[in-house]
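Q: The residues making up each chain are set out below.
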Amino acid sequence: MAENTTFNFKEIQGRKEHLAPGHRMCAGCGGTIAVRNVLKALHPGDKAVVGNATGCLEVSSFMYPYTAYEDSYIHNAFENAGATLSGVETAYKALKKRGRLDKTYKFITFGGDGGTYDIGLQSLSGAMERGHDMVYVCYDNGAYMNTGIQRSSATPMFADTTTTPTGIQSNGKPQARKDLASIMAAHNIPYVAQTTFIGNMKDLYTKSERAIYTPGAAFLNICAPCPRGWRYDAPDIIQICRMAVETCYWPLFEVVEGKWILNYAPKRKLPIEEFLKLQGRFKHLFKPGNEYLIEAFQAEVDRRWEELLKRCEA
Amino acid sequence: MGYKERMSGNEAVAFAMKQINPDVMPAFPITPSTELPQFVSTYIANGQMDTEFIPVESEHSSMSAAIGAEAAGARTMTATSSCGLAFMWEVLYVAASNRLPIAMAVVNRALSGPININAEHSDSMGARDSGWLQIYAETNQEAYDNFVQAYRIAEHPDVMLPIMICQDGFITSHAVENIELMEDEKVKSFVGEYTPEHYLLNPKESMSVGPYANSPYCMEAKRAQAQAMMNAKQVILDVAKEFEEISGRSYGLFEEYQLEDADIAIVAIGSACGTIKDSVDELRKKGVRAGLLKVRVFRPFPGEEMAEALRGCKAVAIMDRCESYSSQGGPLGAELMAAMYRAGVTAPAINMIYGLSGRDVTTDMIDGVYERLARIAEEGAKPEDHYTYLGLRE
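From first to last, the protein sequence lines stand for chains A and B. According to the working numbering, the residues represented by the first sequence are 214 to 527, in order. According to the working numbering, the residues represented by the second sequence are 107 to 500, in order.
For reference, chain B alone in the conformation it holds in the complex (with noise of 0.2 Å):
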């Protein structure tokens, strides 16, 4: 079952795209994605792949280019960070609703501004009702593992619908960490070919895409977007077992770490996840029934799964890498907590912004956030508890 490597994430995520070699790639770099470009023409440079790079002059010009190469039937995938998804935003929404199972390597970054470069998820949750599919990563290797995942899910014919695997800047895009690999042609026979029902190039029959519709038409097609979304949810949990069949790695559309007995539990995403199971594991050897719950999949929203998996618990913060200027919290709080209450699931639930601009989290951070559950646990939460910041400075 594969073999040992050392790998930084976006060398990880860019030896799969090696591996599945698609058709087209337009790209325009920015930081920290500008290395999956770079590794890519590399590989093209020196004969391990022969995917038609395009190196184009902007992101918007890069979802534009990938939306034209996916609708005239090659496999199409692009990598971007930050600024640079949201330049592409419009242009985002015409290749869901054109049902073009774009795949986009996204290494999350801070939005401007001010700028900054580091990790934040404020890139990827901006385009969270674009209609896209949304994967995150913990490590290197979930990273690489979703990725040669991603094709299977967004090409599957109850989906349609470009797909987005993201990675925390720098965090683990940068650092190198042990990985496992997959043999070229199992992740070749894995992924498979792609064959579209209808595309541009078809000799045997024209096509029109992107039509001006109005409103006789375009509710239908919207909600049959949304239709594909729900499917998704599905999709993604077959094409996780057999993933797991060949790999030995075992994905759902999250992770429950010590949260089935779990009194207080964190929920969030991405690479802060793994200082979380530390701290876990720390309060577990205390006797403190502490849990996790890890989001992968953002989109599709699994709200209803992730409600009943918290049901037992008697306090829940939520953390968002993310701000979104409600005045309430981030948007994994909106959303979760939504679900929570439409499935009567009451624990106190409290939302925190953390990490913006790659501002550490720490075990002492994390370890004081299960401590505020405790005490919420205990006499419930105070309006001041609802919506804080970890790791501010005073």
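One chain only, chain A, in its complex shape (with noise of 0.2 Å):
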């Protein structure tokens, strides 16, 4: 796990919520989890304005004329969630040369994966090389879940989706996922990290307040399942999110300035079926003859996660 060693659970749990109750986000959803923990990491007292790509997040948390933002907001569309907070940033910065604000303010804005890595991708890499003082989120659920359930370029390989069903001509998903933390290192910011909900959430909060604190462009991404697109009871969400990590599906992973880190190894890293058989969407893997579809996955995986130790060795 990322080091800090002021984490104290019970003091950031304690405070308050930026993130009202009564919003109309499922249950057992990951993107409410990711939004609720990344704003405890706002130092208290501390002023953000809160940016939003469309999609589930939006269209549950802000319905006219109820908000569940504590801190300023702002939703614009679904494809230029990074653009929209460049401004409200290069506003703050010109109010503030100019006098007419004394205020410190944070800038931390959310997208799903559709809005992240792909209608938005080219807003969030203008965003991300201009260097604005921002955090982009992406409660990365691989799919486009708000729209029910279509692939998405972060969808695993043979997920069944409504864009790319199962059938007798069809085992999901023919492509692997796209690897947005490593796009993003690539722009040479100074932050970039990858998370999921582990444990107390340790992990999450430490990356979520080094990416708010670190001065310029930061970017996070989060591992949020989605209940009705993974198909999992929602009280797996955690036990999922564990198997991601421990099958090395979704390494823990910071680039800080350019070095690559490594957070966690598994002492012996689980096989792939340990976080596939848990989700619905995965279900037709364990027929009886697709075993070569899970060794596939299985490679896939093995040869990310080679390249990333030796990423984190150099």
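Treat the hints as calculated values from the structure; they're not laboratory data. Don't take every hint at face value.
Some chain A residues near chain B, calculated using beta-carbon distances under 8 Å [what the hints assert, rightly or not]:
(1) Val262
(2) Pro278
(3) Tyr282
(4) Glu283
(5) Tyr286
(6) Ile287
(7) Gly300
(8) Arg311
(9) Gln335
Beta carbons are placed, not taken as given, at the ideal position from N, Cα and C, and that holds for glycine.
Two chains, two frames, a set of hints: combine them into the complex.
A: Listed below in structure tokens is the structure:
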């Protein structure tokens, strides 16, 4: 896990909620857990403007005339969360420079994998490359969940989605997922990290705090399971996240000023079945005769894990 | 009252931008508006203005960042043309519905395809229903004057809508003409400081912008937005009056050129009006009662007022520098004829498409239009008169 000597679980969980209860997100939704915990990393008293791409989170947390956000919040459209918050952050610089604002604000925007990996990639890339002092948080649930579980470039190989349905001619999504954290690291921004919901959320907290308080552009990729799309019982989310990490499907790492750091290496890397079998979207992989699909999935996980180890050793 | 200079239309608008010195400008280059972010960047580099410039990676991000900046409480501007404006299309509506008074310099250019960089109104006409105010210019002077007035109109509490200040690509944007500029202090005090009522970076209150709204609320929001557009008409006139007091130059919703007693009239937008005025002058010398109605404000659409101004005419040609592919004419034709019908103005009105993709408009062509109008005034319009092209090669 990422190093942090000041982590105090009780103090942090006792901080005020930035996302008020009463929003309409599903039980067992990873997106909500991501938002609550990332915003808990704001130091008490610090102000923030929260951005949001169109998606489940937006339509369920800011339904006129109600908002679940205690901080200032802006939703613009699906593909432009990066650009929108870059405008807010620049306005902050202008108002500060001209003596019209003396408070300190932080800028944090959330997008699902649709708004981040796919339709919003250009806007995200531009905002990161320009080096705005902001954090872009992707809550990656691996499909377009808001429109009803269509595949995205973050969808894992062989997942059953509504645009890559399994059938006699189809084993689900043919392609492996895009490695967005690497793409963001290639922007040479000061901080990139990948995390998920593990244990007492220390890894998530530590990385969120670092992302928020590192000057310049930061990117956080959070594996945030979706009970509807992944087909699991709501309480299983923590076990799924644990298996994502223990199988090395979703490694925990940071890229700090260009240096790759592995935050956790399982003592015994578990076979990928331990992650896949918990989810209805992979059910077809366990049919007799489909063992080769699991082997292919495992090979891809292994290849990426080895590549990551090399990057972190270098 | 001001001082004389020689400037292109882009230089003139950039000069107004420097004088106003807004808080934030995101922009992405596209011909023929590219010079605007270039001039602004140079002014900033030389310490002549201190706007925060965001060199975005696309026009979609340009308007998206403008929305973020304006919502955050910063006076924001941008500039674009043609495909750049089309690329912004989705978020133009977001800017207007969030009631963000962003000012955008639009240098009108044809939309693709074929790809073409010259003057046409298809870009801003394509955005005519996006909820933005639209003001058009005939000359560099007007483009400058309109930009100076832009924030006063857009930021007015009865309006709070974004505004496009349009001029014709190359014809005015790149042609150098005489211009009268105002002193910096005069412009600054006319435009004033931006003090929004609600904004994201207000330490006294948090604010959420850009909700999901269901049917119990959406229609009322849109009706309120429509009201703001209706309110804008009076605000535009009030601001023009104040502007006249400091500049000596008078503006309305449209200009009537020899229209009062005109039998035959052309209605047009933008730089072609200069050519039309030349024709009118020559015809008047020959005793022909020709006139021009030059549209300055297209949004809000001053239909009632324009119909009234045309009431005495015996034939009217409405000229569109834009196709709408409706199979019956262009957008100005459609809207003005609807307004004339509602007002009971029964002069035969024809719709002509002209100057597409920078096609030249000459006084000879315009003389031909007036000749045709004279015939229609005598004999009435034939079906083949209703929707025609001017200056099309046979």
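Q: What are the numbers of the hints that this structure violates, sorted from low to high?
A: Failing hints: none at all.
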